[in-house]
Amino acid sequence: MSSTVEAPSRPPAPAPAGGREPASRLPLLAATGALLVAAYLSLGIGVADVGVADLLSPSAEQWQILTVSRIPRTAAVLLAGAALSVAGLIMQRITQNRFVSPSTSGTVEAAVLGILVATLLFGDASLLVKMLVAILTAVAGTLVFLQLLERIRHQDPIVVALVGLMYGAVIGAVTTFIAYQRDLVQYLDIWTTGSFSGILQGRYEPIYVVLAVGVLGYLWADRFTVVGMGRSMATNLGLHYRRTMYVGLVVVSVMAAVVVVVVGAIPFLGLIVPNVVTLLLGDNLRRVLPATALAGAGFVLLCDVVARTVHYPYELPVATIAGAVGAAVFVVLILRAGKASGT
Amino acid sequence: MTTIAPAPSRRSSPDTPATEDQRVSRTRTVVVALALLVAAACTAYLLYDVRGSWSYAMDLRTRQLAALLITGAAVGASSLVFQTVAGSRILTPSVMGFDALYMLIQTVIVYALGSAAFLALTPGQHFLLDAVLLTVFGWLLFTWLFRRSSRNLLMLVLVGVVLGSFFASLTSLSSRLLSPDDFLTLQDVMFASFSTADPGLLWTAGVVTVLGIAALVPLGRRLDVVALGHDPAVTLGVPFHRTVRITLAVTTMLVAAATALVGPMLFLGLVVANLARQLVPTHRHAVLVPVAILVGVLTCVAGQLVVVHVFDLTTTLSVVVNLVGGLYFLRLLMRTVLL
Chain A
1 MSSTVEAPSR
11 PPAPAPAGGR
21 EPASRLPLLA
31 ATGALLVAAY
41 LSLGIGVADV
51 GVADLLSPSA
61 EQWQILTVSR
71 IPRTAAVLLA
81 GAALSVAGLI
91 MQRITQNRFV
101 SPSTSGTVEA
111 AVLGILVATL
121 LFGDASLLVK
131 MLVAILTAVA
141 GTLVFLQLLE
151 RIRHQDPIVV
161 ALVGLMYGAV
171 IGAVTTFIAY
181 QRDLVQYLDI
191 WTTGSFSGIL
201 QGRYEPIYVV
211 LAVGVLGYLW
221 ADRFTVVGMG
231 RSMATNLGLH
241 YRRTMYVGLV
251 VVSVMAAVVV
261 VVVGAIPFLG
271 LIVPNVVTLL
281 LGDNLRRVLP
291 ATALAGAGFV
301 LLCDVVARTV
311 HYPYELPVAT
321 IAGAVGAAVF
331 VVLILRAGKA
341 SGT
Chain B
1 MTTIAPAPSR
11 RSSPDTPATE
21 DQRVSRTRTV
31 VVALALLVAA
41 ACTAYLLYDV
51 RGSWSYAMDL
61 RTRQLAALLI
71 TGAAVGASSL
81 VFQTVAGSRI
91 LTPSVMGFDA
101 LYMLIQTVIV
111 YALGSAAFLA
121 LTPGQHFLLD
131 AVLLTVFGWL
141 LFTWLFRRSS
151 RNLLMLVLVG
161 VVLGSFFASL
171 TSLSSRLLSP
181 DDFLTLQDVM
191 FASFSTADPG
201 LLWTAGVVTV
211 LGIAALVPLG
221 RRLDVVALGH
231 DPAVTLGVPF
241 HRTVRITLAV
251 TTMLVAAATA
261 LVGPMLFLGL
271 VVANLARQLV
281 PTHRHAVLVP
291 VAILVGVLTC
301 VAGQLVVVHV
311 FDLTTTLSVV
321 VNLVGGLYFL
331 RLLMRTVLL
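If you read the sequences in order, they're chains A and B. Be aware that the first sequence starts at 1, since it is given in the numbering used here, and climbs by one per residue. Be aware that the second sequence starts at 1, since it is given in the numbering used here, and climbs by one per residue.
Honestly, the hints are just simulated from the structure, not real lab data. Be aware that one or more of the hints could be misleading.
A few chain B residues that face chain A, going by a derived Cβ cut-off under 7 Å, partial list only [as the list claims (entries may be wrong)]:
{"#": "1", "residue": "L158"}
{"#": "2", "residue": "V161"}
{"#": "3", "residue": "L173"}
{"#": "4", "residue": "V319"}
{"#": "5", "residue": "L333"}
We put the CB at the ideal spot given by N, CA and C, even for glycine.
This is chain A alone, in the form it adopts within the complex (with noise of 0.2 Å):
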């Protein structure tokens, strides 16, 4: 029965390949087993009488209750962190600028459009179909914030996120437009708050696709990397610089509009924890990866543990304990810059 928590463990594989690094290999070891340390304590977490120490020996009802939901939320909230740090780290690598993110790029925003697109058009069509529409407006999104970032002269990290902010804000503002008419308002704010109370077997599965993208991102970190040094650089070492600018942009978009559709929005993960894990780290995209999937992936249990904690025994949504607390980091992130730059 201790097999228990091998769903939830690391999603993009960490480091197998390379191996000239084996210093930074012990910490991440670690690192990763004191988050599945603590994401087995999380399990004990909960209303109905299933306590850490019952998780050895279930009766047939609390087995029961574990499946049904309290592993898949454990599996959902490391997946939906990880992802969406793995993928403000992708992204921010690419277009070489700190402040762009999943949620600040509109990314987040377009596939909540997509979601939208998808229950007036189709009804009530499955899960799938949803997510595959908001996959789609994601990448169309995210491709229209590339599109104005080459626009702009300045490539000023500060510009850039406000930019992107305000893009973000016109899409959702066309989003509440059309809910709004439909009277869907309230559904939307629902299902797009980022949460993980309605995570239940059955109907979270679709997130372990940003596994498989994550080891895509993986495999590819290096060529991230290239891009991000800009056109000419990366023909010149014999990169094909567009078609890897969007296999970029579709792993990033897949990954937010996956944990969108399934989890809902948590402002400001993507852009905090990679930056605050490059800034101990680094900047070797294959080697901070899978620290940052990590920190992402234990930010939010801890964020998740402190939701289903602090108003016990109800319980709150992920994304406004997130939300401040990554809406402070970036403040102090932006300052921070801005002090940097002597400005």
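Fit chain B to the supplied structure of chain A, relying on the hints for placement.
Just chain B now, kept in the frame of chain A:
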């Protein structure tokens, strides 16, 4: 980076340089035209398509119109002078997270007092409590922000935007900790709309707005100079910081009045203040502020007319304002950045 939008309205009208006479007459034409449009919109709002009981419709519509007028005037005037003291055309109180701060304060008050005590407050007391707290916190926020990063305008905007979402998260967090009863009370306060403006609140907000705008009148000349920037203003003998502080305090009152009445309208002030600056070729606040008020009122009344009669209430004014305003903001931003 700091070349962006140095002083507001430094850009004169797009046409070729005009003589003083031409400018004065253009200003006069604009003001008269705006006043006529406002009058027409108000009349239309009151009289168009009245069905059923005449007196009931008049009573309701007068109240709604009053709310629109107060909001438009308060937002127009406050955004314009805020832009002047902030030295930027893309900053407005809402963009700086001010509405969100208002919401947060409301939530915290309900949380601290409980809904029973909260409901026992008269609209006047209620407003006073809000206004005092908001002025204190808003003032602290602005002084902190302006001191922290006065040299990088866009950074200031970004911090403001993110702070706005920070406050919004805190609001939603604390509102979820409320009991359902308390939450209902709060919801009523937060989503007061044009259609349900409470007469007591109307009076309070109206009086505050009138007082606030009146307080701006003697500041007009000084603001003209403050628009030139800190050093020139001080050289010309204007107490820069004191003027900025007073203006921010007045702005706070006005925004509180508008937000208390109709809830947050993120981009309204931005659109209105910029339109006003484009319409009249002047830097004088004695002209700019009234024009901004007229534009604000016109936007609100005409916008609501469209929402009611064209969209049949299938949308809200704030959604439309956010949509149009968001695009406009993006355009302003892109243009500023492309310079």
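Checked hints:
About 5 Å separates the beta-carbon of L158 of chain B from the nearest beta-carbon of chain A, less than 7 Å, and the hint is met. Given the 7 Å rule on beta carbons, the hint for V161 of chain B holds: about 6 Å separates it from the nearest Cβ of chain A. Hint status for L173 of chain B: holds, given a least beta-carbon distance of 5 Å to chain A, under 7 Å. Interface hint status for V319 of chain B: upheld, as the beta-carbon distance to the closest one in chain A is roughly 5 Å, under 7 Å.
Hint on L333 of chain B holds. Least Cβ distance to chain A is approximately 6 Å, under the 7 Å limit.
In the structure shown, no violation is registered for any of the earlier numbered hints.
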